Structure formats: C-alpha cells, structure tokens
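Using the hints, position chain B against chain A.
Each protein sequence line maps, in turn, to chains A and B. Mapping the first sequence onto this note's numbering, position 96 (from 1) lands on 96, and the numbers just tick up by one. Mapping the second sequence onto this note's numbering, position 159 (from 1) lands on 159, and the numbers just tick up by one.
Derived by calculation from the structure, the hints in this document are not laboratory data. The structure presented is a predicted model; accordingly, all values stated were derived computationally and were not measured. Yeah, the Cβ is synthetic: ideal placement off N, Cα and C, and Gly gets one too. It cannot be assumed that every hint is accurate.
To be clear about the criterion: a stretch of chain A counts as covered by chain B if any three or more of its residues have a C-beta under 8 Å from a C-beta of chain B, and this derived list gives those stretches [claimed, not checked]:
# : region
1 : 4-18
2 : 76-89
3 : 132-146
Residues per chain, in single letters:
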Amino acid sequence: MALIQSLTKLLIARIDEYLDAISEGMIVFQKGLQNYLDNKTDEFEERIALVDQYESRADKLRREIENQLYSHSLIPEMRGDVLGLLEHLDDIIDVAKETLTQFSIEVPDIPMELTEDFASLGNSSVQAGQELVSASRAFFRELSRVKDHIHKVYFFEKETDRIATTLRMKIFRRDMKLSRKMHLRDVAVNVAKISDEAENVADRLSIYTIKRSI
Amino acid sequence: MLLFFLSSGLFLGWSLGANDAANVFGTAVGSRMIKFKTAAIICGVFVILGAVIGGSGTSETLGKLGSVNELGGAFTVALSAAVAIFVMVRIKLPVSTSQAIVGAIIGWNFFAHRSTDITILTQIVGTWVICPILAGVIAAFLYIIVRFVVNRSSLHLLRQDQFTRYGLIIVGAFGAYSLGANNIANVVGVFVPSSPLHSFAFPLIGTFSGTQQLFLLGGISIAVGVATYSKGVMETVGSNVVKLTPLAALIVVMAEATVLFVFASKGLNAFLTAHGLPPVPLVPISSSQAAIGALVGIGLVRGGKGIHYSLLGKISLGWIATPILASIITFFALFFMQNVFNQTVIAPDKATVEIQLQKKEPLIETSAKTDLHSKKKLNSYIRQHPGCTAFEKSSSQVRHILTNSIDHLMDIKGFDKKTIRSGFLYLL
Chain A
1 MALIQSLTKL LIARIDEYLD AISEGMIVFQ KGLQNYLDNK TDEFEERIAL
51 VDQYESRADK LRREIENQLY SHSLIPEMRG DVLGLLEHLD DIIDVAKETL
101 TQFSIEVPDI PMELTEDFAS LGNSSVQAGQ ELVSASRAFF RELSRVKDHI
151 HKVYFFEKET DRIATTLRMK IFRRDMKLSR KMHLRDVAVN VAKISDEAEN
201 VADRLSIYTI KRSI
Chain B
1 MLLFFLSSGL FLGWSLGAND AANVFGTAVG SRMIKFKTAA IICGVFVILG
51 AVIGGSGTSE TLGKLGSVNE LGGAFTVALS AAVAIFVMVR IKLPVSTSQA
101 IVGAIIGWNF FAHRSTDITI LTQIVGTWVI CPILAGVIAA FLYIIVRFVV
151 NRSSLHLLRQ DQFTRYGLII VGAFGAYSLG ANNIANVVGV FVPSSPLHSF
201 AFPLIGTFSG TQQLFLLGGI SIAVGVATYS KGVMETVGSN VVKLTPLAAL
251 IVVMAEATVL FVFASKGLNA FLTAHGLPPV PLVPISSSQA AIGALVGIGL
301 VRGGKGIHYS LLGKISLGWI ATPILASIIT FFALFFMQNV FNQTVIAPDK
351 ATVEIQLQKK EPLIETSAKT DLHSKKKLNS YIRQHPGCTA FEKSSSQVRH
401 ILTNSIDHLM DIKGFDKKTI RSGFLYLL
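Looking at chain A on its own, in the form it has when it is part of the complex (with noise of 0.2 Å):
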C-alpha cells in the first residue's frame, strides 16, 4: 500500500513535469522563431539548444512515466491510452525542435513584409499546442474540462490554416524565384505542423476522455 501511495505520488509529479517540458518547449520555439525573424542570431541558437534540451528531457520522463506503468500494473485499464497520449505529445515538440532546426541549417530568406505573417502563423500553431497540453492536464485531473480546451484546439488550428493558406498566397504572388517560394512555403507548412500535430492528439484525447468518464 505504502510503496502504491509513494509511486502515484512520483508519478503525479513526472506526468506534470513531463506537460511542462513540452509546453516550455512550446514557448521556446516561438520565441526562438521569433529570434529568427528579428536577426538576432546569436538568441536563436541557444533557443535551438534550449528546445533540444526540452525535447531529450522529456523523452527521458516519458520512458519513466511507461516503465512506472506497466512494471506496477498501475492504471491498467487506462495505461495503453495514456501511453498513447504522452507518445503523440511528445511528436509535438520533436516538431518543434526540427522546425528550429530547419531554419538554421536552411537559413530560409524571409521578405521583410512576410516576417509579421511568418511570427502569427507561429502563434497561431504554438497556442493549438498550448491548448492541447492544457487539455491533457484536465485529462488526468478534471475531466469535465478537457471539452472546453479541445475546442479551442480545433480553433487554433483551423486559424493557423488560415493563416499558412494566406501566407503562402502572398509568397506565390511575389516576384522571386521559384525556388525561394517553394522553400519558404516549405518551412510555413512546418511552421504550421504543430497545430496539425496538436489536432490529431486532441481527436485521440475526445475519445480517451470518453472511455475514462465512467
């Protein structure tokens, strides 16, 4: 009894540190884009180090969180749902970290009057996956609100949509090379990614929500 008690508390504990590095992870991207945007170089590269930093600690907690898990038989009927959600958060932030990644190895040419459009579709993407962690805390501790934050995924992702469909409609339409507006339409879908991500693991968590309300 005494050892169950000790381990649901350790638990508790690596599920909301594992949420918080992929949510801090999360900001990091979007200012490290932001970084990017503004040529401040030198920012950008420890945010590049500080997302991969978010990324390998919570692979790490992940695999602790699983090993916990099944070696004590704890939440048996729901384990294989909740490894499947920390599974798919964490494809969020590895998202992250090559999107960053993308722009300082291909140093993609920005036109100045598309850095607003590129720092809103980031935003946009960043809150979808905000809101999707916010959804999976109340997942594991008030279910009643897990609704209200998927809606607001669903949002935010449709919005980044807009957005990106927006952003490469003004890419298309100015006089560059095409190879230049193939490549910067390139990094807008990863840009948007995280909102796709975001969307899938919310249409995963609806049903796990579902399955856990008794």
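Quick look at chain B alone, frame taken from chain A:
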C-alpha cells in the same frame, strides 16, 4: 462418518467458492488491479468470518422450509442439489445454488410426507425476484452519485486508481463476508438439524456451537474452492465477459454485497424490527443474479444499450426450473439412498417414536422369534447346499429392497398394503 456425509455439502461449498468468488473479485483480478493471491486470501478469510459470524439467519429460514433430520437425508439433499446444478449448467441455463438447495429441500419434504410451509416458500421465491431488482436499484443509485463526484472532482487519474484499488479490496472483503453469511446455508444449512457436533466453550472467548463448527467447515470448503479453482473464472469474468471500468466494477460489487448482507443480517433485521419497520426475510440468494441485476442497473442509467434482455428471461426460467429439477432429483435420490443403500434418510417424528415405543414390545418379541426361526432354516439350508450362500445372501438383499420400495410407494399413493403385497408376492 460425519465427514463422509458432509462431503456433498463441502463439494457444494467448493463449487460455490470456485464460481461465486468471481462475482466479488473477478473484475479486480481480471483487470490486474489486485493480484489473485491477495484476492484469494482476503476472500477466503472473510467468507469464513461471514459464515461463522453471520450464517445462522439464512440457515434458520431453510430449516423452517424443511428440517432434514437425518445425516443420510442431508447428504442426499446436498448431493442432489449439486447434480441439479450440474444438469442446469450442461443445458446452459443460469443456475443458482440457493435455488437448487431450496428445490432439494422441497424434494425431501415430499419424500418424507412433510408439508412445505407455503408462506416461507413464497417469501424465499419473492426474495429471489426482488434480489436482482434491488441490486439494480442500488447500483444505479451508486453509479449516479459516483459519476457525479468523479466527473466533478479534481482527483488525478493515478490517485483515482489508487483509491479504486483500496475500494476494491475493502468492498471485496465486505462482499466475501456477505457471500459467506448469506450462502453458507446452501453449503451446510441442510446438515444443521441432524448435526452430531456439540458446542464447546473457550475460556474468555465464548461458546463455539455445533452449528458454528459446521459453518466453519463449510466456510473452509468455500475458501478452498476460491484458492484452488477460481483464478480462471475470475480472469474470464474480468477480461472477457463484461468490460467494466474498475470503478464501475466497484459499484457492482458494492450493490451485490449490500443485497447479500441485507438478506443475511440478523442484526439489521433486529434493528428494523426495533424501529417498527417490517423485517427483511433472511434468505440465501444468488450472488451471480445480484451481480447481473447491478450490471443491468448501471446499463439502464447509461441509456439501456447493450443489455441482453434474453438473459433476464433465462434467469426467470431458472427460478422455476432449478427448484423443480432439484426436487425431482432429490426425491429419486432419497428413494435409492433408502432402499438400495439402506441408509436412513428420514428420522421419525418425536410423536411417531413415542407411539411406536408404546406398541413395540410384543412386536419385537414376535419378530425376534420369526427371525430366529428363519435363521435356523437358512443355516440348515446352507449346510445342505454349501455353494448357494452368496446367491442366497444377495437374493435376500434384493427381496428386502423390493419390499421396502413397494411399501414406500404404497405409503405415498395411500394403497392398501396387505392386498397389494400379497398380490405382488403371488406374482413373484
């Protein structure tokens, strides 16, 4: 000899433990919330406690229905109930030990020319009908409350899991206690009137009555059934038959345990009577049917989808078919036990014994003289025909069995013994 006669009851107890423990700990073990070893220990201990402490109420009710006053009769009644359960299981109809034992007791009453108390019988059958309904109502009520609390609380999923585990252990222990208290009557209840066990007193603790010793033996047989054979049943119940969340399973066990307790508790009955409320009949009920009732209750609150109403029809059929089958089997089994195996299955009434004692002396003398005469004749025949001893012995046994059987049938049908017997012997 007592243990031999008790064997049929202990077998019933073993099968009850093997099957019905799954109603208490099935989902908890099947969903890996509790280890089988933990469940078996808790279940065994609390079943024995329930049987010894609270098992007398339901046994008294069965005693009122029919007091099987001879060990051989009690053995046959319990064995017949077991055979009836086996037959019902083979034809895939829901069966309950309680219904089989009640049917078997009625079979004994019929065989022994004892009248069956219709008021008690009505009370028992009424309880069988009410039991799943009451379990359903309790489960639905608990489900609404728990759902409201869980959906509005900010309890972490892992913390909820931890509390559910504790709950499953506590409610499981309560369920096992109630199962022992309510169902021990099915196991050894019929042996109570004919039990030769005597009370003995423990200094400082109190008296351990013969009935309690019987209940202890029955409780141990249930616990052995749990330990040796219930693992497979628990895993099937928990993982294959009905998919329940551990929290919903907790509610089902709570509802089932409450119903078993209500229909077994003398204390609760005394409390109700003291407060001017109508008493609850103390009747052995089916834990499986209580569990099904609880599941239906939850299913109805959820919107009524996925309930197999045909199963409910089958259960109602079991209420009628099981006792009838058990009583028929018992009647024939008692007939064979008495006439083929020469076992006493009915002890004569006190009044009959007194009348016989007044008339018996000259009869004994006459029969002793006749016996002596026939023995002398037989011995001289054996001396003359040494090869015929075995044949003569077996034919004498057959004659004895046939005479007894005919006498008994004539008793039941109310025929004139002298005429029929002389006619029959003439035919032979």
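Problem - Hints violated by the structure (numbers, ascending) - result: Violated hints: none; all satisfied.
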